[in-house]
Amino acid sequence: MNFDVSNLYSATAEIFVAIMVLAIMLATAFARSIARGLAYSFVQITLIVAAFITYFTLDAGNDFAFHNMFVHDQPGGILKMMVYLSMMVALIYGRGYLADRKLDRPEYYLLSLLSTLGMMVMITANHLLVLYIGLEMMSLSLYALVAFDRDAVRSTEAGMKYFVLGALASGLLLYGMSMIYGATGGSLELPAVKEAVLGAKNGNMTMVLLFGIVFLVAGISFKLGVAPFHMWVPDVYQGSPTAVTLILSSAPKLAAFALAMRLLVGALPDLAGQWQSMLLFVAAASIVLGNFAALAQHNIKRMLAYSGISHMGFMLLGLLSGGGTGYSSAMFYVIAYALMTLAAFGMVVLLSREGFEAENIGDFKGLNRRSPWFALLMLFVMFSMAGIPFFVGFFAKFSVLQAVIHAGHLWIAVLAVIMSLIGAFYYLRVVKFMYFDEPVNNTPLKASGELLVMLSLNGMAIALLGLMPGALLKWCAEAMKVAFTVSG
Amino acid sequence: MTTDIPPFLSLAIWIPILGGLLVLATGPDTNARMARVAALLAAILGFAVTIPLYIHFDPNIAAIQPHLEENRIWIEHFNVNYHLGIDGISLWFVLLNSFITVIVVIAGWESIQTRVAQYMAAFLIMSGLMNGIFSALDGVLFYVFFEASLIPLYLIIGIWGGPNRVYAAFKFFLFTLAGSLLLLLALIYLHDKTGSFEILEWHKTVLPMGVQILMFFAFLVAFGVKVPMWPVHTWLPDAHVEAPTGGSVVLAAIALKLGAYGFVRFALPIVPNACQEFTWLVVGLSLVAVVYIGFVVLVQTDMKKLVAYSSVSHMGFVTLGFFLHNQLGIEGALVQMISHGFVSGAMFLCIGVLYDRVHSRQIADYGGVVNTMPKFAAFFMLFAMANAGLPATSGFVGEFTVILAAMQKSFLITFLAATTLILGAAYTLWMYKRVVFGAVGNEKVAGLTDINQREFFFLALLAVCVLAMGLYPFPFTDVMHASVNHLLEHVNGKMLLLPPL
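Keeping their order, the protein sequence lines are chains Z and Y. Residues in the first sequence are numbered from 1 upward in steps of one, following the working numbering. Residues in the second sequence are numbered from 1 upward in steps of one, following the working numbering.
Mixed in with the good hints there might be a few duds.
[Said to hold, decoys possible] Quick list of in silico lysine to aspartate or glutamate cross-link-like pairs, DMTMM-like style, CA-CA up to 20 Å:
hint : chain 1 : residue 1 : chain 2 : residue 2
1    : Y       : K171      : Z       : D437
2    : Z       : K474      : Y       : E76
3    : Z       : K481      : Z       : D59
4    : Y       : K433      : Y       : E277
5    : Z       : K474      : Y       : D192
6    : Z       : K481      : Y       : E76
[As the list claims (entries may be wrong)] Reference excerpt, derived from the structure (chain Z facing chain Y, CB under 7 Å, subset only):
hint : residue
7    : F390
8    : A413
9    : Y435
10   : F436
Just so you know, these hints were derived from the structure itself, not from any lab. The beta-carbon is built from N, C-alpha and C at its ideal position, and this holds for glycine as well.
Same shape as in the complex, but just chain Y:
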């Protein structure tokens, strides 16, 4: 660990947080312009320091990249370390998160006019905390970032949200807190059993089946709420609908990934036997999310709610992929997570563009948008297609890989999972048709102006990502291969070590 490489992970965490505090210091809205510029600079700098992570990443190393690792004692009394590191599984999430933060800052440039400094600061601080979650290798450090990230999002929903924002903010906070408190107990319990808070140390420990089952359910609740899995997904539509555009983007693109990431980092390698034992449960819940929520999406009349439910459905795919217990499944799920980060973020941004102009999210209030906003319609088309999983977009890669992986397991699972291709196309394109095509629906639509340069810029940026990932997913999967393979080998090896009951 003694190399000349600067501590990029720490920088990726603390630059946005300190930047956020600086932005906060710009104070009242009379300095809004300064706050915006400072926030943009901090976000870009935060993203810039994550790029070397990719450059220095060695895809041949399966475990944690040793030259990027940082390990210091944090709280000696608790045996807690400030231990950061990334492997092929977490690398892209750090990059994705920092990238989305830049987009969010740009997207909130004009649409946020009150308490600008606080808005920007909240997003920057959250970005740093999320990077901390993805790179923490110490259980307590992970937990601290995991729970602290609730605070900014709670404030974002509550301050800049819609009419029912208070309800949504409380529901969001309390649901996730309920899950994470169980996680806290699980972490302390693991420490009591193993004498360490190191996640990697826990990976090596073989726990008796009884303990594994307890741990598994703690993980399932903690991460399941965050993913969110059916039936604890109900906070998500509320939070999405009420949150400001930026909040929805971060929520969909990053926050939902935390739960799924928890499954790969904690559940699968620490309690492999229990995961195997309860595969039916997770797969069952995932399929309910994919199929049932897929139908629920169809009947939505609110665009944001529609995309929110479709997120639940897509995340069902992710948990399904993880619990297929094979390389293809896990890689497919990871790709799906990244792709969903781009696509759902872009969808919410598109809805935000419309909302800024018409101040309505109801599908019925639109119609014929293409007549007045042709450029916007083109972008929206691309993202809608990606959301439906059309080949050559990023949405296709992940879904298709997971379906392939499911085929190795069971035809029934594959069949049910594949319905998403039909349902996804149905709900997305139907919404698209109602909003964009047809005759101009009303006066408001008739008076719409097309996207300006700023909007064009961030939509184009995301469009490039979506297409690039769909056409050439190699950079994404390449870094994962070794790590996922390592994970599976480790899981399979460890599963055999469990002494019979």
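Looking at chain Z on its own, in the form it has when it is part of the complex:
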């Protein structure tokens, strides 16, 4: 095994982030007095620099590195940049909230960066074990983040729940991978798995493979938080400090999408018929359950959790429709969702103050009276989530529906739109509270400058991408086309 330095080129961003994690850890240990600000600003700088590195090392084709364990391709690059962006935004939103609650310890920012690194590894993995390592790095950091408010019962309980169920899911995933490994004659690299599956399509082998896929799909479903593996989502979202919920609901979804993309689309395209039918059930169940359960919620974090379940189900509809349109629509959807959920939880953070958690949807009452600008932004987010034009959520929904109809699943499309009608109700309810009701408390909203600017940018992005979604859509489509050489 000889090592080629050019390998490092493809992994520059990962290596940089890894070094920075260690450096920041050391720096904060030695400079206790300024550790907080130091950790925060260095993590943000790291994310920005990583974004530049990823952008400028992005080539048109696929680079493989470290003996094919690592792939550097277009969809990976886009997803990584979205992960950095989500993380940056989530950290900006969460900062004031954490400071109010004395939770803004340097460890918080370090763990966030470490989970970012895990996501990056997941996104670029071309090998079952590397994928798993990335997943664990992300998950373990997130477990710790969920339980970060260690004196609060709810936070620790959520952390425990998330950890137990998450470990189980990781186990399922690993078990599935071991079956794939066995059935394909010892292949761990994703392209090798693909070759082996293509080469051997005889009875016994397929049976083991099929079992493997079942476990893979279960593991992926857990990480995406879709039914019937969704149980943890509402509890963990509700229990975590809102700043952590912000992180949980955005970037890891992008990474989980990458997991599905690498494993199912990248390695097992020849068994698409099998995993598509499994995902069909998962997607339909999530859309139905997520929307109906969200109707009954009074807690905004739980409502957004259930709405997230249905959104991920919707995204899976795109993925399972296959073909270029299907995969790129799923990718567009998950990016759009990350933007929307960030803004939504950003609003929740905004309404929370020192000693007060904005947990109930009722806390949005009369927001239009208290601050018309923030009410307008939340209006954008809610209508976007409901899939009403001119907001990005509409085009996400549109692209998925188009892929679904193109794949011939007309009835699934009908189900999906009926469910989005039901979904519209609870988004409209939030708008109703903001605009039609009188405020319960009239304390003026105090938003720090960075929160105000970032939330405004986020809201505007949702509206602008709804007016001009063309560039992002095209980018997703071309990336998917190059990476997976799919037609259509």
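Dock chain Y against the given chain Z, drawing on the hints supplied.
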């Protein structure tokens, strides 16, 4: 398409929308006066740019007016274009919409005192979106405007509406959304079959009967809810009763036209065979709306509800006209739509004038208004007559033409449709009598003051329109002839192309 004419259609869409955003920026009610003035300017400017559309309109061109057309790529990935254009069918709706917006801004001048900027902005933005609906020639563009226009109206009903406004706003939004989501599926499905989102391209495509039937029902639900047709009309009375006056005016004058317009733009030319096949269904539902709802109107005690139900009945006439499949019918229906835009708008404004003073919409709370408000009574009389379809008012032209057209088809349909002349006169004039005539009903009526200059102005403006259209409908029908004729020729020609099953 390379001419020197400015893109008037784009201007008609984006001037009100951008104007609305500017008005929104004036902020709190301390700047209310600025918001009102800015809104009025934006509305007038928005209307001004639609006038050249009429001037440049060439009635000899049957299809889309090429010199007014705009076509740019919008979203390449979806094959969606920013394609705008008008023909004789859509021209008047763009004008009507922009005109009504001016009226609405003036009408809300004093009666709206809270969140003025948001109120005005909502109407302006909606006006732009509606112009977009009437001029879109791309399926997705149409849909985007169609659905986006729900948002401002939802807010208008919910924020400035009556006591039961939340219920009405939700019902309005969810009913129409249910319909339009099916439309979305239909549009995507059509794209999948034809590879294009161009409405004109779809007009040329001959679809197999099975597909046509599916499409037809998607269109029927989507546009039927919006028209609204019986039995999915129930959201309309609620929305009308709870909405503020301006909301009712826009709802009745413009929003209801969207559904009917959808029938002419989508259903008839894209799935002609299915339309022919299910004529009985649409005609049946329309007649139920005309006759049954006509009786329902009679028993209403709330003035707004009364006018709302009468709108359902009048719109029944429109759908009936479309599905008679002849030139007279379609033209009559289109004229009826425009006329209804003026008349129902005016009726709601009259009720608004009374409501602003007495704060009641119940007929029983009035009586003898003529004694204290003679000028108002005169206007109200004119509009009531127009609502009843009296000759020399605009209401007569459309109804009479549709009845004539129905006579070419069947006596029974004509007979049932003609009952509206009796029912319409009965419910409108009876209401008018109870509200306006007789002895002064109570102290509140005794203390009424007659309409002020502002109210006089917008009522007079509408009165002129109603009378002009009744006395000289030529400018309205003239632009339609060629387009409607073209539509029918196209439909008939295309119907023959369908291969037998």
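Outcome of the hint check:
For a cut-off of 20 Å, the pair hint linking K171(Y) to D437(Z) stands: about 17 Å separates their Cα positions. In summary, the hint linking K474(Z) to E76(Y) is supported, as the alpha carbons are separated by about 8 Å, within the 20 Å threshold. Proposed proximity of K481(Z) and D59(Z) is supported: the alpha carbons are some 14 Å apart, at most 20 Å. Of the pairs offered as hints, the one joining K433(Y) and E277(Y) is violated, with about 44 Å between alpha carbons and a cut-off of 20 Å exceeded.
With a C-alpha separation of about 19 Å, the suggested pair K474(Z) and D192(Y) falls inside the 20 Å cut-off, and the hint holds. Distance check on the hinted pair: K481(Z) and E76(Y) sit about 16 Å apart at the alpha-carbon level, within 20 Å; holds. Annotation: F390(Z) was flagged as interfacial toward chain Y, and the flag holds, the nearest CB pair being 5 Å apart, inside 7 Å. Annotation: A413(Z) was flagged as interfacial toward chain Y, and the flag holds, the nearest CB pair being 6 Å apart, inside 7 Å.
Of the supplied interface hints, the one on Y435(Z) holds, with its beta-carbon coming within about 5 Å of a beta-carbon of chain Y, less than 7 Å. At about 4 Å, the closest approach between the beta carbon of F436(Z) and any beta carbon in chain Y falls short of 7 Å, and the interface hint on this residue holds.
Hint 4 from the list above is the single one not met by this structure.
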